[in-house]
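Model the full structure from these sequences, guided by the hints.
Residue 95 in our numbering is what sits at position 101 of the sequence shown, and the numbering runs on without skipping anything.
If you're looking for bench data, these hints aren't it; they were derived computationally from the structure.
In this text, a Cβ means the ideal position worked out from N, Cα and C, and glycines have one as well.
The calculated label-pair distances, taken between Cβ atoms and stated as ranges, are:
hint	residue 1	residue 2	range
1	50	70	12 to 22 Å
2	84	152	17 to 27 Å
3	93	135	22 to 32 Å
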Amino acid sequence: MEPNINEIRNDNVRLGVSGLGGWLVLIQIGLILTLIQLLNQIITVDLTIFTDGTWQLLTSKGSDFYDPLWKPTLIFETVYNILFSIFTLFILVQFYRKKGIIPRLMIVFYSLSLLVGIFDYIMLQQIPLAKELEDGSSIRDIIKSAITCLIWILYFLRSERVKNTFIQ
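Next up, the structure:
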């Protein structure tokens, strides 16, 4: 049986739907919004904590708000946000270059985001003040992240557009 000309060319490159359109538009928007959100978080929250007295208030033993877990939690969150913003920027560059590593990078991106969200929630639940201030939004964020992870990981594993676009 001869191969269908619409599916295979002589050099074994699949034809069909490809390019950065379709559902990949949502991925692009999501990556850009994630980068903007992370940079905003770093500038308005993470760096501010270290300069406005919050760090001293939460990490000084004489403070009413002191807990020994604040220091590692705040450092972890800041370092993660910086590294994840760099990772997101790297993904965006590779995405627009249509590199073959993108499906794997996106699986890592979504998985890491979910796992770090769970880890951060668990860390914060160990701090009485943070636990008291929790309004349920963290659990909702984890659930949304898990659903996002499931949908987009499956998309990157099974999509014809992804297979045909990220081949370089």
